[in-house]
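Model the full assembly from the supplied sequences, consistent with the hints where possible.
Going down the list, the protein sequences come from chains U and G.
Numbering-wise, the first sequence is residues 0 to 248 according to numbering that gives the first Met the number 0.
Numbering-wise, the second sequence is residues 0 to 608 according to numbering that gives the first Met the number 0.
Simulated from the structure, these hints should not be mistaken for laboratory data.
Be aware that one or more of the hints could be misleading.
In silico BS3-like links for lysine-lysine, alpha-carbon gap of 27 Å or less [stated by the list, open to error]:
hint	chain 1	residue 1	chain 2	residue 2
1	U	LYS14	U	LYS109
2	U	LYS171	U	LYS138
3	G	LYS15	U	LYS20
4	U	LYS109	U	LYS138
5	G	LYS15	U	LYS14
6	U	LYS29	G	LYS15
7	U	LYS77	U	LYS20
8	U	LYS29	U	LYS68
9	U	LYS68	U	LYS57
10	G	LYS15	U	LYS57
Restraint ranges, calculated between C-beta atoms of paired labels, are given here [said to hold, decoys possible]:
hint	chain 1	residue 1	chain 2	residue 2	range
11	U	LYS57	G	GLY251	46 to 54 Å
12	U	GLY55	G	THR407	39 to 47 Å
13	U	GLN90	G	THR407	52 to 60 Å
14	G	PRO33	U	LEU125	46 to 54 Å
15	G	THR314	U	PRO221	51 to 59 Å
16	G	VAL469	U	PRO221	50 to 58 Å
17	G	TRP464	U	ALA98	33 to 41 Å
18	G	GLY251	U	PRO221	20 to 28 Å
19	G	GLN454	U	HIS197	25 to 33 Å
20	U	GLU212	G	GLY181	36 to 44 Å
21	U	THR234	G	GLY461	48 to 56 Å
22	G	LYS333	U	ASP141	54 to 62 Å
23	U	SER140	G	TYR382	38 to 46 Å
24	U	GLY172	G	GLY181	33 to 41 Å
What you are looking at is a predicted structure, and each value in this text was computed from that prediction instead of being measured.
Heads up, the beta-carbon is just placed ideally off N, CA and C, and yes, glycines get one too.
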Amino acid sequence: MSETESSGLDDLLKKSTIVFKGTITHPHNKGLVPANTSEDTAVVHVDTVYYLRGNGMKLDGQDVLLKAKSISDDDVGKPQVFFAKSWLYGQSVALIEVARIPEDSEFAAKDEILESLERLGSNRVLYRIALANVIVTGKVSDIVPATELSEIPPTSREGLQFAVIQIDSVEKGQYSLKTIKVLFSSSAEPRWRMPRFHKGQEGIWLLQRNQTERKGPLYGIPAFTALDSDDFHPTDEIEAIRAMIGRSW
Amino acid sequence: MVITYEVDPVVDIIPKSMSNETNDDGEPSITVSPSNNDYICAGCTSTADPQNSDNIPFFYSLDGGSTWTLNACLPGGVSGMNPTESCSLDMSLRFGLNGLYVGYIRFDNYEMSVVNLADFTTQTLSTLETVSGGFVRDQPWVEVTTRKELVYIGGGIIGGIWLPYTFDAVLVGNNDLVAANGQTAAIDHYPTSPRPSSGFATTIIEARATEGQDAPSIRPAIASRTPAIHSLYFALSVYAGFFGWRTLNASGTYTSDVVVVRDDGGASTFTALKDSHGVAGVSVASGTTMPPFGSPLGSQRGGVDLALAVDPNVTASGNDTVYICWGDGASMGKSYTLHLRRSSQSGADGSWGTDLFTVTSAIHPALAVNARGDVGLFFQQLYNNGSENRWKNQLVIFVNGDFTSPETILLADVEDKGSLPDPPYVPDWSIGDYDNLIAVGSDFYGVFSGYNDPQTGTFPFGVQWQRIVVGNQLQDGQGNNVNPSVDPFFYHASPELIVKIIKENKEFDKFTAEGKGSYKAELPEKPIVENKLGDVKLDDGINPGYPGYIDPQILPTIAGRIDQIEESLATLRSFITESERPQVNAEALKKAGAKKKYTASAKKEGAEE
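Here it is as structure tokens:
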């Protein structure tokens with residue numbers, strides 16, 4: 000596959016939540032999931048799921064409703080590779096078509112998709128590494144309350160704490176102290192979802208100083224943070240992280 | 000004549016195709032389309048698109064709440080994140096003439112957005128408002144009312160003309176965390192004149208000093224009366240209730256005022272109600288003690304509990320009857336109390352009186368008043384059964400203004416748990432900060448969040464699962480067990496008219512033995528034309544508390560009087576036109592097949608119709 004084709008596949012995958020080999024069985028059909036859509040939909044039998052983002056639902060062997068870009072009667076019964084994004088979840092699932100490739104093309108769907116996913120996955124960690132000002136390995140020696148944040152509205156500082164990390168090594172950035180304090184929230188409230196830390200925890204922290212990704216009173220606090228699920232990694236991933244630091248921009 | 004309320008089995012909203020879902024779908028909101036009561040939408044915090052797109056979802060039903068579908072359509076998710084992380088945040092939904100309105104906090108940038116979907120089953124929407132700057136607004140609460148106003152079109156040399164114009168007025172209560180002076184209680188309102196292009200405006204409704212901020216629960220409610228003096232464009236009166244946090248005490252408790260404000264000009268000033276010092280906003284309760292923010296009752300956060308509702312019937316003197324329910328107490332324990340109070344004078348200072356009803360160890364009040372003037376109050380009450388904490392999810396209906404012996408309906412008794420382990424996550428916040436109850440005609444529609452374990456949950460009126468339950472075990476469709484979590488549950492209560500058959504002569508006592516006696520139906524003193532009453536039931540007086548039951552053994556013996564009763568009932572029914580009868584239940588039940596219905600009173604006797 001050429002670089003251009005790879006890039007095209009990457010873009011399709013970014014737009015898609017599911018890629019599957021399937022067969023249109025009932026064109027111009029709306030019955031599978033209750034909706035008022037006036038657009039053309041069809042029932043598609045899912046033969047094999049190549050890629051499904053998310054929480055692990057199983058769609059192999061099931062019928063789904065597809066809002067297609069176009070449907071002709073010639074499409075019926077022909078296996079095709081569908082790129083689609085999520086839409087409705089009822090008794091069954093409804094999807095919106097992103098792209099469609101004939102199954103008999105030279106496109107080796109499964110292998111190409113796996114390669115693309117590997118690229119995208121690495122790129123995401125690379126992106127987090129690039130954003131990080133400091134990357135350290137170490138161990139949480141203490142959890143201390145963020146009492147100095149009393150000027151923040153009380154509903155905006157719920158569960159705020161500092162994880163004090165005893166540093167083993169600095170993998171990126173300039174940092175000379177033995178410990179580093181990482182601000183995080185232990186609140187279970189969804190808006191504060193971020194990696195949470197506990198005493199004794201070991202790992203690799205990709206830290207931003209005074210981050211600007213997330214906004215608002217909490218996120219405007221000057222501090223080191225690791226807010227993304229890819230900003231913390233277990234210690235045994237250090238070699239992979241080091242390799243990516245070398246490739247990071 | 001007796002009015003009682005019939006309750007359908009509660010419905011777990013999570014659809015079948017999401018059977019492996021384990022998010023804690025908390026603090027739900029619900030709305031029913033005024034043009035078709037079968038169309039219902041609901042939204043929760045923490046609900047995620049199972050395919051982890053960059054969209055945030057909500058639920059809809061096209062059959063009166065029997066079955067539900069998730070629509071992943073609202074912008075603001077973060078694709079690539081784990082679905083348990085990228086999810087909906089605070090969400091509130093209301094229908095208007097022009098479709099569905101959703102106010103929510105986006106997950107990707109924490110901005111508050113208000114969007115409109117003409118068709119809630121599609122992904123097509125228009126964004127009405129976006130408050131930029133990240134998490135600067137909290138807990139949007141949407142109310143919508145459709146207005147018909149005269150609008151002056153044209154002008155200049157050729158002059159203009161007044162034309163009738165119909166539009167949806169959208170109100171969004173929210174906590175503006177960056178408002179000046181910590182006066183954070185706010186109402187965003189749209190449009191500022193009856194022209195769609197006029198956009199949103201924000202009105203700060205707090206007029207007093209605060210301890211850094213007001214509490215997050217800012218609750219608007221649409222008035223029923225038309226203000227005598229109103230703005231050029233809006234003959235619209237609006238209320239709002241909130242906690243003004245006044246002082247923070249050394250113990251972490253807050254001294255708070257429970258404040259109600261009103262605006263008679265389309266939500267532009269909220270200064271119509273003033274206290275004795277001339278300051279805008281009246282205190283329903285002053286100097287109440289609020290527990291430290293974030294402190295738990297059981298494993299759930301409380302302390303910001305407030306609900307507001309207006310009776311759709313204007314009083315004989317032309318006033319609104321306004322109800323408010325709030326929670327207070329020095330701690331989130333047994334002393335934490337929900338209070339229900341009422342003003343029959345459009346919220347005026349000094350008109351709020353004392354508590355009509357209280358309940359302890361309860362949170363998340365949801366309040367609505369139906370067309371009959373009956374008041375519905377939902378809350379979640381904590382108790383310990385000796386081995387574990389549990390929540391009683393209860394709907395209390397105050398019928399015919401009786402606040403001393405309300406009809407109490409236990410919808411669900413579930414464990415105080417979520418998907419996160421307790422500890423360390425206490426409060427685990429799994430059921431969120433609020434629930435929602437609305438009235439449509441004489442019916443109540445509500446939604447609450449609760450632990451969905453079929454093995455330990457008790458649903459006295461039954462429960463209808465959409466997600467896969469095998470035996471008492473949640474499963475994913477491939478035969479794998481699924482861990483319990485918190486789900487949203489839908490419920491629906493509608494009034495029944497029970498016509499009592501009362502004895503007409505002294506032969507009554509010999510009735511069963513000798514087949515003698517005569518009877519008549521006790522009819523209401525005046526017809527209730529406005530009420531959308533469903534089935535009319537008989538109470539034979541012999542089995543009180545068991546409406547609709549007449550012993551088959553004795554039925555033939557009263558045949559001579561049945562015609563008279565039927566005639567009376569026909570007279571009564573004639574006041575209830577076919578168009579006023581709720582069609583939702585009948586259709587929904589047909590589709591639900593085996594779905595059973597009970598009356599609250601009947602269930603108390605352990606009987607099934």
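Hint check results:
1. A C-alpha spacing of about 17 Å is found between U:LYS14 and U:LYS109, which places the hinted pair at or below 27 Å, so the restraint holds.
2. Distance restraint check for U:LYS171 and U:LYS138: the Cα-Cα separation of roughly 17 Å lies within the 27 Å cut-off, and the hinted pair is therefore satisfied.
3. The hinted pair formed by G:LYS15 and U:LYS20 meets the criterion: a straight-line CA distance of about 23 Å does not exceed 27 Å.
4. A distance of roughly 40 Å separates the Cα atoms of U:LYS109 and U:LYS138; the hinted pair therefore is violated under the 27 Å criterion.
5. The suggested pairing of G:LYS15 with U:LYS14 holds, with an alpha-carbon distance near 25 Å, which does not exceed 27 Å.
6. With a C-alpha separation of about 18 Å, the suggested pair U:LYS29 and G:LYS15 falls inside the 27 Å cut-off, and the hint holds.
7. Simply put, U:LYS77 and U:LYS20 have alpha-carbon atoms about 10 Å apart, close enough for the 27 Å limit, and the pair holds.
8. Taking the CA atoms of U:LYS29 and U:LYS68, the gap is about 15 Å. The hint holds against a cut of 27 Å.
9. Restraint check for U:LYS68 and U:LYS57: satisfied, since their Cα atoms lie roughly 24 Å apart, inside the 27 Å limit.
10. Taking the CA atoms of G:LYS15 and U:LYS57, the gap is about 12 Å. The hint holds against a cut of 27 Å.
11. Take U:LYS57 and G:GLY251: their Cβ atoms lie about 48 Å apart, and the range 46 to 54 Å holds.
12. One distance hint, 39 to 47 Å for the beta-carbon pair U:GLY55 and G:THR407, holds here, with the actual separation near 41 Å.
13. Between U:GLN90 and G:THR407, the C-beta spacing of about 35 Å breaks the proposed range 52 to 60 Å.
14. Checked against the given bound of 46 to 54 Å, the beta carbons of G:PRO33 and U:LEU125, roughly 52 Å apart, stay inside it.
15. Range check, G:THR314 to U:PRO221: Cβ separation about 56 Å, and the 51 to 59 Å hint holds.
16. Checked against the hint of 50 to 58 Å, the pair G:VAL469 and U:PRO221 passes, with Cβ atoms roughly 53 Å apart.
17. Judged by the Cβ atoms, the range 33 to 41 Å given for G:TRP464 and U:ALA98 holds: they are separated by roughly 36 Å.
18. A hinted range of 20 to 28 Å for the beta carbons of G:GLY251 and U:PRO221 is consistent with their spacing of about 26 Å.
19. Here the CB-CB span from G:GLN454 to U:HIS197 is close to 31 Å, well matched to the stated 25 to 33 Å.
20. Between U:GLU212 and G:GLY181 the Cβ separation comes to about 27 Å, which falls outside the hinted range of 36 to 44 Å.
21. A beta carbon spacing of about 51 Å between U:THR234 and G:GLY461 agrees with the range 48 to 56 Å that was offered as a hint.
22. Remark: the range hint 54 to 62 Å for G:LYS333 to U:ASP141 is contradicted by a beta-carbon distance near 35 Å.
23. As the Cβ distance of U:SER140 to G:TYR382 is approximately 41 Å, the hint placing it in 38 to 46 Å holds.
24. Against the hinted window of 33 to 41 Å, the Cβ-Cβ separation of U:GLY172 and G:GLY181 comes to about 37 Å, which satisfies the hint.
In summary, the numbered hints that this structure violates are 4, 13, 20, 22.
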